[in-house]
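**Student:** Each chain, letter by letter, is given below.
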Amino acid sequence: MKKLALYLILICAAVSFIYPFLWMAFISLKSVGDAGARGLLSSFFTLQNYKAVFMEIPIGRALLNSAIVALSTTASVIFFSSLVGYALAKLRFSGRETVFMIVLLTMMIPGQLTLIPLYTLIVRLGWIDSYPALVAPWMISAMGILIFRQTFISIPDDLIEAARMEGCGELRILTSIFWPLSKPAMVTVGIITFMNSWNEVLWPMMVVRRQEMMTMPQMITTFSVGGQSGGELGVEMAASMLLIIPILAAYAFFQKYFIDGIASTGIKG
Amino acid sequence: MTTGDERKDAIGYAFTAPYILFLLVFTAYPLLFSFYLVFHSWDLITPPEYVGLKNFYFLMHDTDFWQALLNTLIFLAIHIPAQVVFSIMIAMALAEKIVAKTFFRAAFFLPVIISGAVVTILWAKLYSTDTGIFNQLLGLAGIAPVKWLTSTGLAMPSIAVMATWKNMGFYIVLFLAGLLNIPAHLYEVSKIEGTTRWQDFWHITLPLLRPTMLLVVVLSTFGAFSLFIEPYVMTGGGPLNSTMSVVLYMYKHAFLFQHMGYAATIGFALAAIILLVVLIQKKYLDSD
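Chains as they are written, first to last, in my numbering: chain Y, 1 to 269; chain E, 1 to 288.
Honestly, the hints are just simulated from the structure, not real lab data.
Where hints are given, some of them may not hold.
Said to hold, decoys possible - Covered by chain Y, per the in silico footprint, the following chain E stretches (three or more residues, Cβ under 8 Å):
(1) 17–23
(2) 172–182
(3) 185–197
Stated by the list, open to error - Under the rule of at most 25 Å between Cα atoms (straight-line distance), these lysine-lysine pairs were calculated in the DSS-like manner:
(4) Lys125/E to Lys3/Y
(5) Lys191/E to Lys97/E
(6) Lys125/E to Lys191/E
(7) Lys256/Y to Lys191/E
(8) Lys256/Y to Lys125/E
(9) Lys125/E to Lys147/E
(10) Lys8/E to Lys3/Y
(11) Lys3/Y to Lys147/E
(12) Lys125/E to Lys51/Y
(13) Lys191/E to Lys2/Y
(14) Lys166/E to Lys101/E
(15) Lys101/E to Lys2/Y
(16) Lys282/E to Lys90/Y
As the list claims (entries may be wrong) - Selected chain E positions facing chain Y (in silico; Cβ < 7 Å):
(17) Asp9
(18) Ile11
(19) Gly12
(20) Ser34
(21) Phe35
(22) Leu37
(23) Ile90
(24) Pro111
(25) Ile114
(26) Leu122
(27) Ala141
(28) Ile143
(29) Leu256
Nothing here was measured: the structure is a model prediction, and the numbers come from that model.
Even for Gly, the Cβ is constructed at its ideal location relative to N, Cα and C.
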């Protein structure tokens, strides 16, 4: 009896979390005349909404922009954050504790405080409507530094000493010994960074005006809000599906990293 | 010896140099420049003009700004209790011995990983007065359509419900971790004393979930003060500013009116309020 109530709660919750996305997926696959009909299933499914999205807005370009921005941000965060994480965990230099304190301090600054000044900086650098505007301010993350530092500290010093004996430079030690030994940390930092960058909408809406430079969230937002979609439900939903499919695919493979990573670091914003 | 130390120093500095440079340009400079901006009026085209405390004076008397803050409080008043009650309930169900635990966890977490822009566009359709699923369901029960997003009283609560739905998976996982941290022997002691499950919940589970509760409340507050895309897509801040969020208001001043100095002042005040609210919450939830 008690078990039954438990499962009832869980199943109701699961349905309420999944159903809206299913509805969206099915609507995106229905023809215009069919979309209004109640219920999910239709007599036939079609890709015409997806064709319409590609014809009405430069969504291919937006997908490319999103991929470029999210992948380069992720690569940069992993490389530079692990560099700093390594220095803080394994190198001895005067000022190390100060740098560590600064990393912790920066995490306490509310983003709302620096948003407008940061925007004026981008304007003065002449970076409006460019990839540097979308990537550069997010190239290193304090969260990434902390995760790498924490992981690297537990790797024994003997490995470093042995490598140094054989004449390995510190950068080689980081990339060929520490990286392979820290795959879970790298996947966690990578996934969180990629997801945040891929989903980010406020910053692109500040520094991008030209349609060719828009990333996916901004593109579908202006498409939906600007009335460009002409209220065609199926087309709007198809555009949204194109945004979430890459994240869903990653989620299918790295579910554990998504959940544990986000739960242990908190979500941005 | 000295040379060895110098070499070590050099490598340490080389590894941290990119971060220091990054920090100076994208954190320290904007931080300092915000102190400059709040005392100036600037449209990005003509040179900034020193205006003293005028921006702050204007902010104090700006009813739209206070309305935006009030809207955030309305949001929090619905969001936090709903979040805490439902998340704990579902987390407690998940903590039991059940099959398909991984599936349920993954399903609840799904909205967390989806872009807020998509979730908002999707929910705008679900909330639609004429064709949305909520009004269709109400229609089946013979209830007249409700104006979820187009009435001043309901628009903000509707957005709060959506935000609760979007983030709940995250909070369920946090509460689940908190629940699993409670030592099992505590419940065994109470079994001997013959207390009911409800008493256990009030006297063991809830008090021990306090640290998680603080985390959930603080993170929800950060989220509430960051509301932007939700009102931007669903209502544009309306009707009658009833869903205007502080960040959306700041965005409008910066991008519709080019009021950089005033927008920076709004950001400045918002940051101060966030720190204050979080300190109050910490003090209140940390004690006893």
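**Student:** Output the numbers, in ascending order, of every earlier hint that fails for this structure.
**Tutor:** The structure breaks hints 3, 4, 6, 7, 8, 10, 11, 16, 21, 27, 28, 29; every other hint is satisfied.
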